[in-house]
Amino acid sequence: MSTPSQPTASESSKQKAAITVNNLTMAFGNFVVMKDLNFKVNEHDIFIIMGGSGCGKSTLLRHMLGLIEPAKGEVLYGDFNFTKADLEEREAKLRQFGVLYQSGALWSSMTLAENVGLPLGEFTDLKPSEIREVASLKLALVGLKGFEDYYPSQISGGMQKRAGLARAIALDPEIVFFDEPSAGLDPISSRLLDDLILELRDNLGATAVVVSHELPSIFAIGNNSVFLDAETRTMTASGDPKELLAHSTDHRVKTFLTRGEEDGKNSARDHG
Amino acid sequence: MQAQENHTKPAELSFARADNSTLVVRVAGDWHLRSGMPSPLLATRELDKPPKPKKVTFEGSHLEGWDTGLLTFLMGLADVCQKRKIELDMSALPAGVGQLIKLAETVPEKTGARLERDHSSFIETLGKATISYAGALDEFLTFLGQVTISFGKLAVGRARFRMVDLMVIIQDCGANAFGIVTLISFLVGVILAFMGAVQLQKFGAAIFIADLVGIAMVRDMGGVMTAIIMAGRTGAAFAAQLGSMKVTQEIDALTTMGISPLEFLVLPRVIALFLMIPLLCIYADCVGILGGSFVAATMLHISFTAYFRETMNAIMLTDVLGGIFKCTVYGIIVAVAGCLRGFQCGNSSSAVGDAATTAVVTSIVYIVVACGIFAFLFNTLGI
Chain A
1 MSTPSQPTAS ESSKQKAAIT VNNLTMAFGN FVVMKDLNFK VNEHDIFIIM
51 GGSGCGKSTL LRHMLGLIEP AKGEVLYGDF NFTKADLEER EAKLRQFGVL
101 YQSGALWSSM TLAENVGLPL GEFTDLKPSE IREVASLKLA LVGLKGFEDY
151 YPSQISGGMQ KRAGLARAIA LDPEIVFFDE PSAGLDPISS RLLDDLILEL
201 RDNLGATAVV VSHELPSIFA IGNNSVFLDA ETRTMTASGD PKELLAHSTD
251 HRVKTFLTRG EEDGKNSARD HG
Chain B
1001 MQAQENHTKP AELSFARADN STLVVRVAGD WHLRSGMPSP LLATRELDKP
1051 PKPKKVTFEG SHLEGWDTGL LTFLMGLADV CQKRKIELDM SALPAGVGQL
1101 IKLAETVPEK TGARLERDHS SFIETLGKAT ISYAGALDEF LTFLGQVTIS
1151 FGKLAVGRAR FRMVDLMVII QDCGANAFGI VTLISFLVGV ILAFMGAVQL
1201 QKFGAAIFIA DLVGIAMVRD MGGVMTAIIM AGRTGAAFAA QLGSMKVTQE
1251 IDALTTMGIS PLEFLVLPRV IALFLMIPLL CIYADCVGIL GGSFVAATML
1301 HISFTAYFRE TMNAIMLTDV LGGIFKCTVY GIIVAVAGCL RGFQCGNSSS
1351 AVGDAATTAV VTSIVYIVVA CGIFAFLFNT LGI
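Line by line, the protein sequences give chains A and B.
Residue numbers for the first sequence follow our numbering, beginning at 1 and rising by one.
Residue numbers for the second sequence follow our numbering, beginning at 1001 and rising by one.
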């Protein structure tokens, strides 16, 4: 396991870990998806969970959110043991997070404003007119000003993602989870979404956990990461993606980060 | 095989021995899926003939055109060669063929990913099915328990759902169901009257048709028919709505936002049916009796006044209240079954259809079972 950019012991004790994952093993019945995952997400990190398709990145995210129970191990938020907590404590903790699902997961029977306004209505004491104002603001932040009264089925996929992000940040969460935010977006929209994630971290002080395999995004915004390897079924690298690219000695990590250029075998395209 | 001077040459396959341990496979002509090609079994049979070759090479200079047809033949042959540890040399084939086969073999098969085929015997399958039925009842009761707990939260005012959702569902399962409930209840009343009319006339007891229709509708038929209509109409709708939400991760979005999907989605649906189905039951009872009165008037020449007076004498308040109570229970069954199947929906669009189907089937089965239990219970209690 190459960890060239892990902070030294004294440095890491100063940085508070927003999320700690200890000895996590994910399994479906007897089929082990990933085992022995140990990593920390520091505050104000943009933490990338990366790996090949089907290696369990989204599954890891669902474990961290409590949608699936781990086969072994635990997830801690600060000092709060999420895995051992009961349902009510978990629900209370989840309200401090925002989640952007892969296709937005907007509630299709509600307009965009109602989608963004639901958490505001449920968990704050704002009046309906104030809720509408805040919802409009969040939608404007993601570039959807004017679309408040549209239904999710009436807007494009990229717009649905941005609306999903507006809903995820409705309560100004401390941690925002992104499940493949760039999937299905054109390069410009992907770039705009990256910029939004950076804004969240810089101006709203959030921590971001991003599941992604889009290399441009990973290098543009990631400052910490974990690499999940499908063959050994465990994590094989962690740290700043740019450092991993420069210093990693793991063959599969390098192949992933260089989009196969470092692969010893010639690709078919090299022939003729 | 003779080469024909046609527009496309048919696929040709022949074998030769270069030396004692090498088999040369000659492929020629057009190897396309649509035109039909020789089977890999021919090559396997050739490999079986002594002396057993240790190496297979190809001769493809007369190969005219190829597509996946050739590739599948070659992959089948490569599989056999790998199992028998025979060396396979594809260099004499066009470069594209070798590259595509390499591409197909690049990502190694994930061990444990292939799903095991179920080879159980009939008895085993029957046994598993029986156990799963018992499990289904267990799931239903567990879910019913969770819904009851949520009702407890509702009672202290801490349940989270939107009033507008409740209103929309009430409109949908109440007001919008009027048409079909009217039609079916009317026809049930007519059918009951028909069944009794002929027999009762023989005894000169035609007037008792009012008793028959009245008691049957009010005690059982009104409630059961309304509940079955709601199962098909509303139970399936609930299952499909919640199932689709599960497929698009909308339910996960609620959970990770700290909102209980049970409170937000299931509670308004159960409340709506709980409020609407007794009203629909009363309405169905009246319409059924009306249907019976039409048959009495037209077939038996009993006046409406006489019919309704006889009906009023026959049915008692306990009948009416018992019928409404039973119907309310059926309504809760429909709502709970519909929502449960929605939550259990799989991850594809066909799964949503399955969820709707099982919701209706589960509802109807449990309604009829409940009806039987109530019949026995009410009889014992003398109601």
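If you are wondering where the hints come from, they were derived from the structure by calculation, not from laboratory data.
It cannot be assumed that every hint is accurate.
Here are some chain A residues pointing at chain B (derived, C-beta under 7 Å) [what the hints assert, rightly or not]:
{"#": "1", "residue": "Leu65"}
{"#": "2", "residue": "Leu67"}
{"#": "3", "residue": "Glu69"}
{"#": "4", "residue": "Arg95"}
{"#": "5", "residue": "Ala105"}
Result set (SDA-like, lysine to any residue): computed pairs, CA atoms no more than 25 Å apart in a straight line [as the list claims (entries may be wrong)]:
{"#": "6", "chain 1": "B", "residue 1": "Lys1102", "chain 2": "A", "residue 2": "Arg259"}
{"#": "7", "chain 1": "A", "residue 1": "Lys93", "chain 2": "B", "residue 2": "Pro1094"}
{"#": "8", "chain 1": "A", "residue 1": "Lys93", "chain 2": "B", "residue 2": "Thr1072"}
{"#": "9", "chain 1": "A", "residue 1": "Lys127", "chain 2": "B", "residue 2": "Thr1072"}
{"#": "10", "chain 1": "A", "residue 1": "Lys84", "chain 2": "B", "residue 2": "Glu1263"}
{"#": "11", "chain 1": "A", "residue 1": "Lys72", "chain 2": "B", "residue 2": "Asp1252"}
{"#": "12", "chain 1": "B", "residue 1": "Lys1153", "chain 2": "A", "residue 2": "Asp86"}
{"#": "13", "chain 1": "A", "residue 1": "Lys127", "chain 2": "B", "residue 2": "Asp1165"}
{"#": "14", "chain 1": "A", "residue 1": "Lys84", "chain 2": "B", "residue 2": "Pro1261"}
{"#": "15", "chain 1": "B", "residue 1": "Lys1009", "chain 2": "B", "residue 2": "Lys1085"}
{"#": "16", "chain 1": "B", "residue 1": "Lys1102", "chain 2": "A", "residue 2": "Phe123"}
{"#": "17", "chain 1": "B", "residue 1": "Lys1052", "chain 2": "B", "residue 2": "Ser1035"}
{"#": "18", "chain 1": "A", "residue 1": "Lys145", "chain 2": "A", "residue 2": "Ser108"}
{"#": "19", "chain 1": "B", "residue 1": "Lys1102", "chain 2": "A", "residue 2": "Ser108"}
{"#": "20", "chain 1": "B", "residue 1": "Lys1153", "chain 2": "A", "residue 2": "Ala92"}
{"#": "21", "chain 1": "A", "residue 1": "Lys127", "chain 2": "B", "residue 2": "Val1164"}
{"#": "22", "chain 1": "B", "residue 1": "Lys1055", "chain 2": "B", "residue 2": "Arg1034"}
{"#": "23", "chain 1": "A", "residue 1": "Lys93", "chain 2": "B", "residue 2": "Thr1248"}
{"#": "24", "chain 1": "B", "residue 1": "Lys1153", "chain 2": "A", "residue 2": "Phe123"}
{"#": "25", "chain 1": "A", "residue 1": "Lys127", "chain 2": "B", "residue 2": "Arg1158"}
The beta carbon of each residue, even a glycine, is placed where N, CA and C say it ideally should be.
Hint by hint, here is what the structure shows:
no.: 1; hint: Leu65; result: holds (5 Å)
no.: 2; hint: Leu67; result: holds (6 Å)
no.: 3; hint: Glu69; result: violated (13 Å)
no.: 4; hint: Arg95; result: holds (4 Å)
no.: 5; hint: Ala105; result: holds (4 Å)
no.: 6; hint: Lys1102/B x Arg259/A; result: holds (19 Å)
no.: 7; hint: Lys93/A x Pro1094/B; result: violated (61 Å)
no.: 8; hint: Lys93/A x Thr1072/B; result: violated (54 Å)
no.: 9; hint: Lys127/A x Thr1072/B; result: violated (66 Å)
no.: 10; hint: Lys84/A x Glu1263/B; result: holds (23 Å)
no.: 11; hint: Lys72/A x Asp1252/B; result: holds (22 Å)
no.: 12; hint: Lys1153/B x Asp86/A; result: holds (17 Å)
no.: 13; hint: Lys127/A x Asp1165/B; result: holds (19 Å)
no.: 14; hint: Lys84/A x Pro1261/B; result: holds (21 Å)
no.: 15; hint: Lys1009/B x Lys1085/B; result: violated (33 Å)
no.: 16; hint: Lys1102/B x Phe123/A; result: violated (56 Å)
no.: 17; hint: Lys1052/B x Ser1035/B; result: violated (31 Å)
no.: 18; hint: Lys145/A x Ser108/A; result: holds (19 Å)
no.: 19; hint: Lys1102/B x Ser108/A; result: violated (45 Å)
no.: 20; hint: Lys1153/B x Ala92/A; result: holds (16 Å)
no.: 21; hint: Lys127/A x Val1164/B; result: holds (17 Å)
no.: 22; hint: Lys1055/B x Arg1034/B; result: violated (30 Å)
no.: 23; hint: Lys93/A x Thr1248/B; result: holds (24 Å)
no.: 24; hint: Lys1153/B x Phe123/A; result: holds (17 Å)
no.: 25; hint: Lys127/A x Arg1158/B; result: holds (19 Å)
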